[in-house]
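Those sequence lines, one after another, are chains L and D. In terms of the working numbering, the first sequence opens at residue 394 and continues consecutively. In terms of the working numbering, the second sequence opens at residue 394 and continues consecutively.
None of these hints come from the bench; they were simulated from the model. Using N, Cα and C, we set each Cβ at its ideal position, and we do this for glycine too. Everything hinted at is true.
Derived pair list, reagent style SDA-like, types lysine to any residue, alpha-carbon separation capped at 25 angstroms:
id, chain 1, residue 1, chain 2, residue 2
1, L, K619, D, V411
2, D, K619, L, T413
3, L, K577, D, V411
4, D, K540, L, S444
5, L, K619, D, D787
6, L, K619, D, D467
7, D, K577, L, V411
8, D, K619, L, D437
9, D, K577, L, L407
10, D, K619, L, D467
11, D, K619, L, L407
12, D, K540, L, L407
13, D, K619, L, V411
14, D, K577, L, E404
To be clear about the criterion: a stretch of chain D counts as covered by chain L if any three or more of its residues have a C-beta under 8 angstroms from a C-beta of chain L, and this derived list gives those stretches:
id, region
15, 406–412
16, 436–450
17, 668–682
18, 687–693
19, 706–714
20, 738–751
21, 784–790
Protein chains: 2
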Amino acid sequence: MRCSVIAVGTELLLGQIVDTNSSWIGERLAANGIDSHVQFKVGDNHRRIVSLLRGALDEADAVIMCGGLGPTHDDLTREAIAEVMGVELEMNDRVADVIREIFSSRGRRMADNNLRQAMVPRAATVIPQTRGTAPGLICPIGPNGDKVVYAVPGVPHEMYDMMERAVLPDLRRRMGDVSVIASKVVRTWGESESGLNERLAPLIERLDVEGNPTLAFLASGWEGIKVRLTAKGADAARAQAIIDRWLPEVHRHVGEFVFGYDTDTMESVVLDLLDARGWSLGLAESVTGGLVAGRITAVPGASRTFKGSIVSYASDVKFDVLSVPHGPVVSAEAAVAMADGARRVLGADVGLALTGVAGPSEQDDQPVGTLWVGLALPNQATTATLLRMPGTRDQMRQMSVISALDLLRRRLA
Amino acid sequence: MRCSVIAVGTELLLGQIVDTNSSWIGERLAANGIDSHVQFKVGDNHRRIVSLLRGALDEADAVIMCGGLGPTHDDLTREAIAEVMGVELEMNDRVADVIREIFSSRGRRMADNNLRQAMVPRAATVIPQTRGTAPGLICPIGPNGDKVVYAVPGVPHEMYDMMERAVLPDLRRRMGDVSVIASKVVRTWGESESGLNERLAPLIERLDVEGNPTLAFLASGWEGIKVRLTAKGADAARAQAIIDRWLPEVHRHVGEFVFGYDTDTMESVVLDLLDARGWSLGLAESVTGGLVAGRITAVPGASRTFKGSIVSYASDVKFDVLSVPHGPVVSAEAAVAMADGARRVLGADVGLALTGVAGPSEQDDQPVGTLWVGLALPNQATTATLLRMPGTRDQMRQMSVISALDLLRRRLA
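Just chain L, with the same shape it has in the complex (with noise of 0.2 angstroms):
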């Protein structure tokens, strides 16, 4: 089963937006078993999307179109289909109510172009909306209806619900693939996708030849690198079973990078392990001045958990506030102190400090890169660590965080 994908509009050519959802489409085709050869970017113009809708038919089994189905006249994507369909586009009058009751609804007058909406070409089937006013479509192709075109809305989370709701199920029952598929992110932190996949390799050699579950690794930037299992089974418990079964091997060769599964991130993991304690969290942030505090902040309910930060970003506030003794601010001396100080003036159990060299230039005599990260936990003594990150100014802000709060999850684990 080849699927090809049209993203539809012209901001999206004028680089305006970027198609963020092509590539979300991408992955779970992939995640399905289903290959995508070509993904294309097209403009609000009639002429050429039918050109290139027909293009990618003669080539594909499937075709995605994503955008261009608002209520507006460079809204093309229902016309273009019902062209290569060789039919007419008909009112849906069913749509039409739902359409006509969000507007109610919000107590908000409808204009009649909305109701473009509701046009749907003769022979295609609707994927009812559940977010937005645009459905989606399931529109066969050729006399036999071998070949199908879908058509979502761009708006991102109401692409995602219809994808998995609607496309994906009937491409693979188009595929004759009756199972059912399970999947498991690991994430990970530590150890490059090169590194991974050495670790990995006689695991994945064993894949190979089983077929199922696949392995695939996702580049997450400066959020690590996430391991995807995906397997399928003849219901949803025996492709959990699968997964069940080879995630200890995961483990077994790179579990020591592992920081959390699915939708975990580092700060919501750190978070749990002091919940876990009913322990709170304190910081003093220097050389990430608040980057720290702004992601724990992130996690909806936090405030359980954490106290605040003292971003000294002047020496004098680590004097100051923070009881820092006077001498080089990075070092090993001021994280303790700023460790210290950070548990003792907002009134934490764990104090983390992160003092450090993010350039341009080199400070007290520390190379840029440079990071000491001070841990304050009750009863033990107060360490300090130092760490060499890479890269630009922001890049070793953004590693400093997710390397600090890596080193307080290993510790508190």
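Knowing the structure of chain L, use the given hints to seat chain D on it.
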């Protein structure tokens, strides 16, 4: 002149990397008056790259290929172009010398496959590499060379450099366009794209008639809307003169929303305004949890002006460290006390404080989206301003950061 873009790399189709290069290239093409009607992503497969490139050349005068110029066996862009040109690849000795020199200057051993990057299709022109090891290529197509394929690396900063230095000038020369381009990006905050469009409508009408300069909107998410003027002139001075003539017109319509130009950011503008007065800044952040400090310290040299931030997430920290009076902490009184406290505790001239409700649930009977901004300036009464932020938890926090900085900017300007 029509120019298509092909991004090469299986990792793009699998969603392991989002293709931001094509968006950037599309934006630059538009700014240079070059049409781009279709953009493609294709995997590392020789036959498919060749087929897609041939198809793209049927429709367009030029094709920019991005990626697939690395040293490994799945870097296939050179081979694909040579096949479409109907020529052989030849070792380019000057490129080979540069690659050897890059390795020896870094004290690294060069694996032989790195010389793959010195293979160049006969009759192609090399775009010398200045940053990475892969050169770019300008490849005339057809007996008269009236179409052209460009190859640039997928590494963004190498690609940007070669686009500006070689590809865009070559495209403009081919268009017979001997003019020089100048552009000015006007940064705005506080008005929607449709709102700016409405205010600028009379100006846009005049520009549509004149045709030079052009005006475009670039949405930048939490960074506001950019308005870009692009002018063509016989030389740089004349192009700039056109910008200088029309920029005041933009100001006349939307000046109240303008905070900077080109590479300015809200935080760099605020730091410059503080610096000009010789004032230092201290923050007290609750709802934004360190994000304001994180952004300010992203600016190199922030330490000249920025003292630090008391991230007082827990109410106790507000009371104990900032001397906020006991009572509701999402209130004008708390915002004023936090701003005063930040100034006092951090020894700063200016205190800026944020307290509010990011959700998921309301707090102190204040709905999600409530933001109080406290502002303490030298020799003035401290003020509190109530703002209502839209969106999810993350959006609310990010919008709060830039809204509070804008408030400070307006008071300093």
